[in-house]
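There are 2 protein chains.
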Amino acid sequence: MNVLVVYAHPERRSLNGSLKDFTVRHLRDAGHTVQVSDLYAMHWKAALDADDFPHRDPGARLDASLDSRHAFETGRQSQDIAIEQDKLRRADAVILVFPLWWFSMPAILKGWVERVYAYGFGYGVGEHSDTRWGDRYGEGMLAGKRAMLVVTAGGWESHYGPRGINGPIDHILFPIQHGILYYPGYDVLPPFVVYRTGRIDAARYAAICKELGRRLDTLRDTAPIPFRRQNGGAYEIPALTLRPDVAPGQVGFAAHIESPPPSSVVPGEAVDPAVA
Amino acid sequence: MNVLVVYAHPERRSLNGSLKDFTVRHLRDAGHTVQVSDLYAMHWKAALDADDFPHRDPGARLDASLDSRHAFETGRQSQDIAIEQDKLRRADAVILVFPLWWFSMPAILKGWVERVYAYGFGYGVGEHSDTRWGDRYGEGMLAGKRAMLVVTAGGWESHYGPRGINGPIDHILFPIQHGILYYPGYDVLPPFVVYRTGRIDAARYAAICKELGRRLDTLRDTAPIPFRRQNGGAYEIPALTLRPDVAPGQVGFAAHIESPPPSSVVPGEAVDPAVA
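As given, the protein sequences belong to chains A and B, one line each in that order. Mapping of the first sequence onto the UniProt record's numbering: residues 1 to 276, in sequence order. Mapping of the second sequence onto the UniProt record's numbering: residues 1 to 276, in sequence order.
Incorrect hints may appear among the rest.
Straight-line C-alpha distance at most 20 Å; calculated EDC-like pairs for lysine to aspartate or glutamate [what the hints assert, rightly or not]:
1. Lys45/B <-> Asp92/A
2. Lys45/A <-> Asp63/A
3. Lys210/A <-> Asp21/A
4. Lys87/B <-> Asp38/B
5. Lys87/B <-> Glu139/B
6. Lys45/A <-> Asp29/B
7. Lys45/A <-> Asp51/B
8. Lys45/B <-> Asp51/A
9. Lys45/A <-> Asp130/A
10. Lys45/B <-> Asp21/A
11. Lys45/B <-> Asp49/A
12. Lys210/A <-> Asp29/A
13. Lys87/A <-> Asp63/A
14. Lys45/A <-> Asp80/B
15. Lys145/A <-> Asp201/A
16. Lys45/B <-> Asp135/A
17. Lys87/B <-> Asp21/B
18. Lys210/B <-> Glu139/B
19. Lys45/A <-> Glu73/B
20. Lys45/A <-> Asp86/B
21. Lys145/B <-> Asp221/B
22. Lys45/A <-> Asp92/A
23. Lys210/A <-> Asp221/A
24. Lys145/B <-> Asp135/B
25. Lys210/B <-> Asp221/B
26. Lys87/A <-> Glu11/A
27. Lys45/A <-> Glu139/A
28. Lys210/B <-> Asp29/B
29. Lys145/B <-> Asp217/B
30. Lys145/A <-> Asp92/A
Treat the hints as calculated values from the structure; they're not laboratory data. Computed from a predicted structure; not experimentally measured.
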């Protein structure tokens, strides 16, 4: 596969940096072609602004969507943006490697999303009408490709559990996994999260790498998170709310993930109502 | 009151910019002292990196927490960071005005949080031990102050409803309202959110300003979101999970908000189980 690793930590000698290095090496050793966007090393421009659209009328009111659309359609985007889009087009899979800072991705990576996801590329794709709200959430320019997060967090796993004080990690990551990756079409694999990064000894580091290696070895086959497709029949359009008969009574992020069919519950296995 | 408005839109002539202008004018007309951090106009440096700690050993491994702690404790932070911290110390209330980009704040504002929230200021405050996990989530350097979001979003309100495809707006904003604002102690007021920003005529704009004005007039009195205090007895420490008798069986973000007491339900009023 062609894999793009987008990496957003300022210190290569960090745990996060070493997991990025491990990821690149492991994939290359397995015969994959790997490209890396090391955002800090590239001095990636984080803030989306008028300079991203060098050919716009400098006196006109900036409209992030319309200026982005025009620049994308006419091939007049800022060069650094066009290069990253090309990398995404070429890659069969993208892996975002970043530390969890304030319960989200670092600013430099958020700015990569904002600038690279141009109108017509990351959003604004397909027919928009009263009966169809574009090709997104399961369809779009990046459909058919796979994505995965590799995240390091300082807190304990229990702090990010179903009843942990920070909120469940799957909910914290939902705006990224569903809102940023599934949105333009990626199949999103379960995230690889390392907790309590301040307490890593050699044995734990070896165990982490072993598990990460296993995840990388199954990049092509791991079942993605079964988010519901926008245009798959689950949603009313244009309200874009779940139809009453889909996950009836359920609200929140989890309602947008298909439940496993009853037959997938192993007979005799306890189902914990607290996390179901 | 002293109010700090932190504003993160690249175009002043946008709806977001006009709501920022309205906020500043309205508060000043009411006699408040208002300071504005206009991040785009300030060319705010978004990416946290080694340059934030000008006195560190340039050959040493960068540790965002420890270098931040050292620079904060010894008064050797980057000047732009220290200035923003002073603004926060002086302000009785902070209002963050930003467009919702990819289901979170723009990168430039995220980078403001990452850099201004130094160790010892935004986190790492108070005793950390097996029986106490710092002064945070309701306590901290900014306790006793108030915070509110003013957010503009392109999508429809239904898309952000309890069963809307993007996820409920309160869940999308939870990592900001709980994880960034409540964390260092702010009392967080309900957010002011404007949807469907592409369809604003004069009548709707007037209605929006009227409602925003009402929210600003009650900045001092509006009841904050009743997030549960970390050190208020609801959590096991150090696991930092909700005690079994608190919101029993409940999981996810909403479990960290105190339910209204039964007496606050108006007799005869229907309680919708889908949103309770």
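Each hint tested on the structure:
A distance of roughly 33 Å separates the Cα atoms of Lys45/B and Asp92/A; the hinted pair therefore is violated under the 20 Å criterion. A threshold of 20 Å between alpha carbons decides the hint, and for Lys45/A with Asp63/A the separation of about 19 Å falls inside it, so the pair holds. A hinted pair counts as satisfied when its Cα atoms are at most 20 Å apart, and Lys210/A with Asp21/A qualifies at roughly 14 Å. For the hint linking Lys87/B to Asp38/B, the alpha-carbon distance of about 13 Å falls within 20 Å, and the restraint holds.
With a C-alpha separation of about 19 Å, the suggested pairing of Lys87/B with Glu139/B holds against the 20 Å cut-off. With a C-alpha separation of about 38 Å, the suggested pair Lys45/A and Asp29/B falls outside the 20 Å cut-off, and the hint is violated. For the proposed pair Lys45/A and Asp51/B, the alpha carbon gap of about 15 Å is at most 20 Å, so the pair holds. Of the pairs offered as hints, the one joining Lys45/B and Asp51/A holds, with about 15 Å between alpha carbons and a cut-off of 20 Å not exceeded.
Between Lys45/A and Asp130/A the CA atoms are separated by roughly 37 Å; this puts the pair beyond 20 Å, and the hint is violated. With a C-alpha separation of about 27 Å, the suggested pair Lys45/B and Asp21/A falls outside the 20 Å cut-off, and the hint is violated. Note on Lys45/B and Asp49/A: the hinted pairing holds, with a Cα-Cα distance of about 13 Å set against a maximum of 20 Å. About 14 Å separates the Cα atoms of Lys210/A and Asp29/A, which keeps this hinted pair within 20 Å; it holds.
Taken as a hint, the Lys87/A and Asp63/A pair is broken in the structure, with Cα atoms around 26 Å apart against an allowance of 20 Å. Taking the CA atoms of Lys45/A and Asp80/B, the gap is about 18 Å. The hint holds against a cut of 20 Å. For the suggested pair Lys145/A and Asp201/A, the alpha carbons sit about 35 Å apart, so the restraint of at most 20 Å is broken. The straight-line distance between the Cα atoms of Lys45/B and Asp135/A is roughly 35 Å, outside the 20 Å bound, and the hint therefore fails.
Among the hinted pairs, Lys87/B with Asp21/B is consistent with the structure: their alpha-carbon atoms are about 19 Å apart, no more than 20 Å. Simply put, Lys210/B and Glu139/B have alpha-carbon atoms about 33 Å apart, too far for the 20 Å limit, and the pair is violated. Simply put, Lys45/A and Glu73/B have alpha-carbon atoms about 30 Å apart, too far for the 20 Å limit, and the pair is violated. Of the supplied pair hints, the one linking Lys45/A and Asp86/B is violated, its CA atoms being roughly 27 Å apart against a limit of 20 Å.
Using a Cα cut-off of 20 Å, the hinted pair Lys145/B and Asp221/B holds, with the two alpha carbons roughly 12 Å apart. In summary, the hint linking Lys45/A to Asp92/A is not supported, as the alpha carbons are separated by about 25 Å, beyond the 20 Å threshold. Straight-line distance between C-alpha atoms of Lys210/A and Asp221/A comes to about 18 Å, which keeps the hinted pair within the 20 Å bound. Distance check on the hinted pair: Lys145/B and Asp135/B sit about 15 Å apart at the alpha-carbon level, within 20 Å; holds.
Restraint check: the Cα-Cα separation between Lys210/B and Asp221/B comes to about 18 Å, which is no more than 20 Å; the hinted pair holds. Between Lys87/A and Glu11/A the alpha-carbon distance is near 23 Å, which puts this suggested pair outside the 20 Å criterion. At roughly 28 Å between alpha-carbon atoms, Lys45/A and Glu139/A are farther apart than 20 Å, so this suggested pair is violated. For the suggested pair Lys210/B and Asp29/B, the alpha carbons sit about 14 Å apart, so the restraint of at most 20 Å is met.
With a C-alpha separation of about 16 Å, the suggested pairing of Lys145/B with Asp217/B holds against the 20 Å cut-off. Proximity of Lys145/A to Asp92/A is assessed by CA-CA distance (about 5 Å); at most 20 Å being required, the pair is judged to hold.
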